[in-house]
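Engineer: With the hints as constraints, model all of the structure from the sequences given.
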Amino acid sequence: MKAGTNLEKVLESGKFAVTAEAGPPKGTSPAVMLKKGEALRNCCDAANVTDNQTAIVRMSSLAGSVLLKQQNVDPVMQIVCRDRNRLAIQSDVLGAIALGVGNFLCLSGDHQKFGNHPTAKSVFDIDSIQLIQALKNMRDEKKFICGDDISGEVPMFIGAAANPYADPFEFRVTRLAKKVKAGADFIQTQAVYDVAKFAKWMEMAVARGLDKKTHILAGVIPIRSAGMARYMRDYVSGVSVPDEVVTRMEQAANAKEEGATIAVELIEQVKEIPGVHGVHIMAVGWEDIVSEIAERAGLLPRPIL
Amino acid sequence: MITITEQKPIEEITQSLGKAKKVYLVGCGTCATICYTGGKSEVLDMKEKLEAVGKKVTGWMVVPTACDELTKYALEEQAGEVKKADAILAMTCAFGVQTMAMFADKPVYPALNTLFVGKEEAPGQFIEVCMQCGNCILATTVGICPLVRCAKSLLNGPCGGSVEGKCEVSPDIPCAWQLIYDRLAALGKLDELEEIVPLRDWSTSREGGPRRITIG
Numbered sequence: 008m009k010a011g012t013n014l015e016k017v018l019e020s021g022k023f024a025v026t027a028e029a030g031p032p033k034g035t036s037p038a039v040m041l042k043k044g045e046a047l048r049n050c051c052d053a054a055n056v057t058d059n060q061t062a063i064v065r066m067s068s069l070a071g072s073v074l075l076k077q078q079n080v081d082p083v084m085q086i087v088c089r090d091r092n093r094l095a096i097q098s099d100v101l102g103a104i105a106l107g108v109g110n111f112l113c114l115s116g117d118h119q120k121f122g123n124h125p126t127a128k129s130v131f132d133i134d135s136i137q138l139i140q141a142l143k144n145m146r147d148e149k150k151f152i153c154g155d156d157i158s159g160e161v162p163m164f165i166g167a168a169a170n171p172y173a174d175p176f177e178f179r180v181t182r183l184a185k186k187v188k189a190g191a192d193f194i195q196t197q198a199v200y201d202v203a204k205f206a207k208w209m210e211m212a213v214a215r216g217l218d219k220k221t222h223i224l225a226g227v228i229p230i231r232s233a234g235m236a237r238y239m240r241d242y243v244s245g246v247s248v249p250d251e252v253v254t255r256m257e258q259a260a261n262a263k264e265e266g267a268t269i270a271v272e273l274i275e276q277v278k279e280i281p282g283v284h285g286v287h288i289m290a291v292g293w294e295d296i297v298s299e300i301a302e303r304a305g306l307l308p309r310p311i312l
Numbered sequence: 208m209i210t211i212t213e214q215k216p217i218e219e220i221t222q223s224l225g226k227a228k229k230v231y232l233v234g235c236g237t238c239a240t241i242c243y244t245g246g247k248s249e250v251l252d253m254k255e256k257l258e259a260v261g262k263k264v265t266g267w268m269v270v271p272t273a274c275d276e277l278t279k280y281a282l283e284e285q286a287g288e289v290k291k292a293d294a295i296l297a298m299t300c301a302f303g304v305q306t307m308a309m310f311a312d313k314p315v316y317p318a319l320n321t322l323f324v325g326k327e328e329a330p331g332q333f334i335e336v337c338m339q340c341g342n343c344i345l346a347t348t349v350g351i352c353p354l355v356r357c358a359k360s361l362l363n364g365p366c367g368g369s370v371e372g373k374c375e376v377s378p379d380i381p382c383a384w385q386l387i388y389d390r391l392a393a394l395g396k397l398d399e400l401e402e403i404v405p406l407r408d409w410s411t412s413r414e415g416g417p418r419r420i421t422i423g
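These protein sequences, in sequence, are chains A and B.
The first sequence begins at 8 in my numbering and counts up one residue at a time.
The second sequence begins at 208 in my numbering and counts up one residue at a time.
Be aware that one or more of the hints could be misleading.
[Said to hold, decoys possible] Simulated crosslink set (SDA-like; lysine to any residue; CA at most 25 Å straight-line):
hint : chain 1 : residue 1 : chain 2 : residue 2
1    : A       : Lys188    : B       : Ala346
2    : A       : Lys128    : B       : Cys337
3    : B       : Lys373    : A       : Lys219
4    : A       : Lys188    : B       : Lys215
5    : B       : Lys373    : A       : Leu312
6    : A       : Lys219    : B       : Val404
7    : A       : Lys149    : A       : Asp132
8    : A       : Lys128    : B       : Leu397
9    : A       : Lys149    : B       : Ala286
10   : A       : Lys263    : A       : Lys188
11   : A       : Lys120    : B       : Pro378
12   : A       : Lys128    : B       : Lys215
For the record, the hints were derived by calculation from the structure and aren't laboratory data.
Structural biologist: Structural data, given as structure tokens:
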């Protein structure tokens, strides 16, 4: 075991994993995280805590992760390269480990242009692949990036993201391979709606043997309304929402119900694709639905260990 | 390669001039003339604008190259008109402003924003291709610099925001890594993208503190 987190144990035991997402509040109240922890505790193996997602300032992912941990939810602390340089990132990792966080997800981070501080100076001292490599080196060699020794144990289960829908398509598996080579123990993908394209990407990943070297979790974002479906199709870069999904949402008598049904269907489909070891359900601001989706997709009861 | 400038809003210019009633204008015959921000006609335009808001323009000139030492002598030649002014308004890039500020015995205010050192891509179209980082990586990126042309300065791109050759930040920005990818593909060298580019030494750039060098 690299970190012995619940997520690592589930994945290493060969079980189909479920991760969820718990975005921290735009404020100081721990109650928000506690409520999300409550909603997610018995329907996922770990929950990601976002790091100023879409460049909007929120409670830190470190604090949010610790609050989830206190709720007996295994946190995945997200780290973006946009806001912190190599000193700050390494120091946060040390602090997170000291406070019991074991899963880390390495991301470049959305550009600050998209957030609520578009005039901020970004950092991007290192990129997401270099971050994975740095964390692996911290864990395996007990060394900082500069080569100095780290005192104490450095248990970490290291994750990364992948987007099969970005361009150039042929490069997407190469990028995945680079992340695996850098040290990604698990991968959470961008939301899957176009299953055929995802399946093709997985086929290429499996052909390179990447499913044996890392655990790939397919991303699922439940859609709450027809408006959200249209917005994601038209404005969210790197997400591919087929017109068919938008039409289903538009024609549904109960949009939320339909959104949950689509999510369940997607999970059932990706579950059958060789090499997929789990799903990552990102119900942003709609954490209550995760339990229902997991139940209907036959992923409960949890915890499974 | 030229220094790209754009004119500041007139409100900002008059605000920085503040109480200075009498102003001497200096344009630049090199980059700012090419950018239509500090050539003769822009200087004359500015003269009108300033007079319209009650300023008096004591005189003006367009020096050949504002950042050059010779600007000092040009100012001396025009000493009479310069002397009458409360301030100099520099319709030059920041190099010109700083050159004049060294020699002038009165405040020198910028009328332009200095944007970047640009390469002409098509007539009148300039793009930023180099950030003067002090540690050139073009050998490994087939002559396209991701540090300045990728919105996140990624060394291991393209990221998940690259769609149809465009950067997620704006449909007007080509994805630098898609450009690199295409050039590598054309050269039959796509396998180079399999290698992880290690993190970077930024100490040669501005991050290492203000830079200065003595040549020769």
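Engineer: Check whether the Cα positions of A:Lys128 and B:Cys337 lie no farther apart than 25 Å.
Structural biologist: Status holds; Cα separation ~19 Å.
Engineer: Is it true that the CA of B:Lys373 sits at most 25 Å from the CA of A:Leu312?
Structural biologist: 45 Å, violated
Engineer: Regarding the pair A:Lys149 and A:Asp132, is the alpha-carbon distance no greater than 25 Å?
Structural biologist: Roughly 21 Å separates the two Cα atoms, so the pair holds.
Engineer: Has the given pair, A:Lys128 with B:Leu397, been kept, meaning a C-alpha gap of at most 25 Å?
Structural biologist: Violated: A:Lys128 and B:Leu397 sit about 33 Å apart, past 25 Å.
Engineer: Please work out if A:Lys263 and A:Lys188 have their alpha carbons no farther apart than 25 Å.
Structural biologist: 40 Å, violated
Engineer: For the pair supplied as a hint, A:Lys219 and B:Val404, confirm whether the alpha-carbon distance does not exceed 25 Å.
Structural biologist: Roughly 24 Å between the alpha carbons, so the hint for A:Lys219 and B:Val404 holds.
Engineer: Starting from A:Lys188, check that the Cα of B:Ala346 is at most 25 Å away, please.
Structural biologist: 23 Å, holds
Engineer: Would you mind confirming whether the straight-line C-alpha gap from A:Lys120 to B:Pro378 stays at or under 25 Å?
Structural biologist: 13 Å, holds
Engineer: Quick one, are A:Lys128 and B:Lys215 close enough, alpha carbons at most 25 Å?
Structural biologist: 21 Å, holds
Engineer: Hint check: B:Lys373 vs A:Lys219, CA-CA at most 25 Å. Holds or violated?
Structural biologist: This hinted pair is violated, its Cα atoms lying about 33 Å apart.
Engineer: Do the alpha carbons of A:Lys149 and B:Ala286 lie within 25 Å of each other, as the hint requires?
Structural biologist: It is violated: about 67 Å lies between the C-alpha atoms, which goes past 25 Å.
Engineer: Holds or violated: A:Lys188 with B:Lys215, Cα cutoff 25 Å?
Structural biologist: Distance ~49 Å between A:Lys188 and B:Lys215 Cα, so the pair is violated.
Violated hints, in rising order: 3, 4, 5, 8, 9, 10; the structure is consistent with all others.
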